[in-house]
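Undergrad: Please dock the two separately framed chains into a single complex, following the hints provided.
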Amino acid sequence: MTCSRRDFLKEAVSTTAASVLPLGAFVFLSTEEAKAAVADSEARYAFLIDTNKCVGCGMCVKACKNENEVPYDAPVTRMWVERYIFTKDGKLHIDSPMGGRDGFTDNEVYGEDIDPDDIAKAFFVPKGCNHCDNPPCVQVCPVGATYQTKEGVVLVDRDWCMGCAYCIMACPFGARYFHPVEKVADKCTFCYHRISKGLQPACVQSCAFGARRIANLKDPDDPATKIITTERVAVLKDLYGTKPHAFYLGLDHDVR
Amino acid sequence: MSEEYVVHGAEWTVKQLFVYPNEYIYWSIQIVMYPFMTGLVAGAFVLSAMYHVFGQKDLKELARFSLVFSLALLPVAALPLLLHLQQPTRALEPLLTPHFTSAIAAFGIVITVYGLIVLAEIWYVYREYFVTQIEKLQNETGVLNALRRVVYRTLTIGATDISDAAVHADHKAAKIMAAVGIPTACFLHGYAGFIFGSVKANALWMSPLMPVIFILSAVVSGIALCMLTYIVIMESKAFWQRRQGSTLEAHEIRGAEKDVINKAARFLVVFLILAISLEILDLIFRGYTAMKSWDILRSVMYGKDFMNIFILQYTFGNLIPLTLLLLPGRTIKRTALAVLFVLFGVFMMRWNVVIGGQAFSLSFSGYMHYEIPIIPHSMETLKEGVVGALAVIAAPFLILWVLNAFLPSLGREVEGPK
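Each protein sequence line maps, in turn, to chains A and B. Going by my numbering, the first sequence opens with residue 1, and the numbers climb by one from there. Going by my numbering, the second sequence opens with residue 1001, and the numbers climb by one from there.
Extracted from the complex, chain B is given alone in its bound form (with noise of 0.2 Å):
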């Protein structure tokens, strides 16, 4: 094949007996990363407002955390769509011309009202800590400091009364968003779950189960990768407090954390559970009801992907967490590594709905093994294969990392809402 017939997909398309000649797996890795990282945006919203609506006072500092941490996700949700596309340039044109009888053409549009929502809480949240940096940068000298002190004259718009009456209706406000930004945050997920659970085309895609299963597991992924985070973070500086010296202080961190984790653990192993029993019942279903697709299907899931449903996903990502979580004496170090099997888990189930509906031809007559391209070649395989992936994972700590600056999510010194 002549480098300018580079057919897309036929590069990690391996083809085994009869598959129609024009399929191949058109939807790769980044559309595996697609549903992955919106349900991390969409689950780290949900915990945070656990604390905002439901009052769980316990969960105060991770809700902050996670609040931010949905932030520095949000643009990342929309990056592996971005990479995938044939066309990238053309990107903005679900919103210039939206075609509204298809799934993807909303995503725009539900993806900005969410963003803007978000915001709009952290504003809220953060509006008294914006004016208190201001008042406190007036007295410093030098040029970096009076360019932040610019950035937060900014970022407060002008709004800089923090009167009591004035930080009380914040709150009002960011609770009303995080109430708001729930069913929000829910439908932008399940909103990716329909647009698979939609293709009557793909045996195993179509199901109206497929949206809430998504909803479920992107909360549980949501709130396992802010623990791991919010674990990572403050062990490091209980860490860093020892060594300097202050035991104590050290001390009083691992115990604060100790209380958020195991609230948190809680919820993680309701929505978990949840989620597993959804999915089990859609594949009894799908074996019990033994439409013409199932053949080829379980000869897929018991068979050439057996290793990636039932040991990789259902075994280490679901059973041992599980079990991890439930056995008695949990430590933050067994918690760390449930959560961390959690968040594996549950990129193997997005794995094995989006590459496993691609496991088969439309023909039932033949399979197709997706190869991802590991070292890159050209352009497509850069974008569209394990370097692109490592990107996309990559991007939201680096945005964490810069939002940090302006909103410290993690710490005392920050009053958040009461």
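Chain A extracted, bound-state conformation (with noise of 0.2 Å):
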């Protein structure tokens, strides 16, 4: 076959364009054209922690474990609270026993009796899912079992989770794992079945001291967004980028 080079870049040219032609029929959403494609909602529900105010009584943690049915038992958990506790020697000792179900009663922190006249600060972080805006556990999930509502609660289709684990990997924050009883990955729904009812989430309820608070970003008159949106709060990792939407008040540099 002989080809010259006129022929060859008429050829290529063609060949280009009838490869890259049908590709244009596809459209590429982006987050914001998709969500605005579903419908726009009223809401967008995000916490906001007041770590000054949390005394580590794990009440948060108890309460979600028997609303959500998660195992109570079972060493995982939807939302945990860690202990963090700076001595003067420079050393920082952090720990979360079953998740700091049972609050902090002790001194001892891995064995290690910590004398609090050698502490130079210490406080608690509660954590849990971030709900993130830009979900690397939804990004990553093979199957679409995993997904944002458009509240911006990110859920787990538990008739569609093929278990695969790969969003358990892909959370930076620890919040995901393997429910011990559905066998399907399993995280914090933002009490999903009782804010679309107007209940406020079960860890929320049962703070007393008003560290946990729910937060719906698109009602400016919302008590807890008018701190997120005047006050200075911070978030954890924001280095990865995935937006989340856990503010906090009080936040240490040091908190992992």
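Hints are computed from structural coordinates only; laboratory data are not their basis. Treat the hints loosely; a few may be bogus.
Said to hold, decoys possible - Once the Cα atoms are required to be at most 30 Å apart in a straight line, the calculated DSS-like pairs of lysine-lysine come out as:
1) B:Lys1172 with A:Lys237
2) B:Lys1304 with A:Lys237
3) B:Lys1292 with A:Lys121
4) A:Lys197 with A:Lys226
5) A:Lys91 with B:Lys1015
6) B:Lys1175 with B:Lys1263
Said to hold, decoys possible - Taking CB as the label site, the calculated pair distances span:
7) A:Phe8 with B:Thr1315: 50 to 60 Å
8) B:Pro1208 with A:Gly90: 35 to 45 Å
9) B:Val1387 with A:Phe8: 54 to 64 Å
No residue lacks a Cβ here, since even glycine has one placed at the ideal position from N, Cα and C.
TA: Dropping the structure here:
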């Protein structure tokens, strides 16, 4: 077969055009466009967590486990409380036994008894799913079993999750695990069954100190939203670009 | 913990210091096996394609063998994923509702396309053989022979023309399939690397080099496995010939074997050096840039996993075989030992990536140690333990044994493409 330069160029152009044109029929939607196409919501929920108010009682963990039927004694949890202790020798001690479910009642951290006089500063940090705006867990689910509702809540479809654990690996916060009974990925649902009826999430309602609050970012009159928009708040691990929606007051830079 | 509350991963994860409550080693031995097996598939195919596409004539016999072996390995590449799923009955969902932003979603599609290419190439290579077998079996009696004839007739799919022109067209088609197959094989495996490399939450995995490192080590492991299997089969053939008293025949077999092995060993060395270079580059880069995660990574690499990484992977898996292959006066026995070390090294590399990536907490404040279940006491410890891994290793050899009845890939009676 002979092929002149002219023929080659002609063929090349037409082949490229023929292969590119059908691709043009596909439209890639940005997250915002996709959301707008579904319908807009009147709510975008977020957590407001005041670490200054948390006393580490673990009521939120208890309430969550009971409300959401996460086996009480299983060593996994939708939300947990971490204890940070900085001793005067510059060392940092962190622990969260059973997710802080039973409160922090002694001074022992991983076998080391810490003398209260040696403590430089100490505090508690309640954690859970951050219901990110750009959730990596949703991105990596191969079957679309995990998804984001129009209110920004990240959920798992238990009838469709195949249990590959890719979402668990993709979450930088460790918010996900396999449900010991259902054998599918499980995580905080923001108590979707409650908030969609106008109730508060179990953890928020059970917190006697107001350390955990729920905010509707689309409602400017929401008191928690007012704090988020007018005060200095921080999020966990913003380096990963997931746009977390759990906002913290009094977050220390050493919190992991 | 009562029986109904078995937390996946808690069985084999030992936590040390502060680890988030939900963190366990969720990706265990089967996820080590997955890139190891896909690597072997891709590598075996690349080896066979070298003969078809680049006309490496001395690799002819090894090429045909590695092509068939690649087919035997193919279904086994998906097996570890199936054994790892918490809901294995939903394994076909990625084909039904693929969510394409996920790196795993296209696995079914990629492996199917690749499988079709391998099948097509094998068909073009073996069609002539099928037809000659039908003719040969025509004069034989017996139910078994009749059955075999039916199988061969089915395998030809009605294309029984073995004129020179038709056979020539076959060879040309096989060559095209091999040429298309190389990028597909690389994609199949580079893609496995992407699955890990794109996990931004994991400090060890996230690297754009990951897919390239995976492809190179895949080619290394594929060539090594084909060489090893080839040596074992040819040596046993020579052994049986000698038992039957035909020393001349045995000598001939070993002579042919040596030529093939020498050539393949040269490719192995090149790819091995490329793979090691990139891995070392990755390591140096992490140390030099010293991001936040480096403190914990360093303590894992140079401390807890020193044995696995620097002794087992780099020394036994890379340095020793490289020395064995490069020192002059190489014998078949020494080559066999070297490729065995190479295979072990690639396995350790997969282990150190998959298990090593979960050896530290996402909090960078604690460690997780993996204790592989040896004696199973539940379905989970059976699937994701030593027994499950051994089953995955054994499966391709079983399949090869079955395939070999209809696709003999070693022996001079088979006329491959010219």
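Undergrad: If a hint holds in the structure, say so; if it doesn't, say that too.
TA: Hints, verified against the model:
Of the pairs offered as hints, the one joining Lys1172 (chain B) and Lys237 (chain A) is violated, with about 56 Å between alpha carbons and a cut-off of 30 Å exceeded. Proposed proximity of Lys1304 (chain B) and Lys237 (chain A) is supported: the alpha carbons are some 26 Å apart, at most 30 Å. For a cut-off of 30 Å, the pair hint linking Lys1292 (chain B) to Lys121 (chain A) stands: about 23 Å separates their Cα positions. Distance restraint check for Lys197 (chain A) and Lys226 (chain A): the Cα-Cα separation of roughly 22 Å lies within the 30 Å cut-off, and the hinted pair is therefore satisfied.
Taking the CA atoms of Lys91 (chain A) and Lys1015 (chain B), the gap is about 20 Å. The hint holds against a cut of 30 Å. With a CA separation close to 20 Å, the supplied pair Lys1175 (chain B) and Lys1263 (chain B) stays within the 30 Å bound. Checking the proposed 50 to 60 Å range against Phe8 (chain A) and Thr1315 (chain B) shows it holds: the Cβ atoms sit about 52 Å from each other. A C-beta distance of roughly 36 Å is found between Pro1208 (chain B) and Gly90 (chain A), which places it inside the suggested range of 35 to 45 Å.
Checking the proposed 54 to 64 Å range against Val1387 (chain B) and Phe8 (chain A) shows it holds: the Cβ atoms sit about 58 Å from each other.
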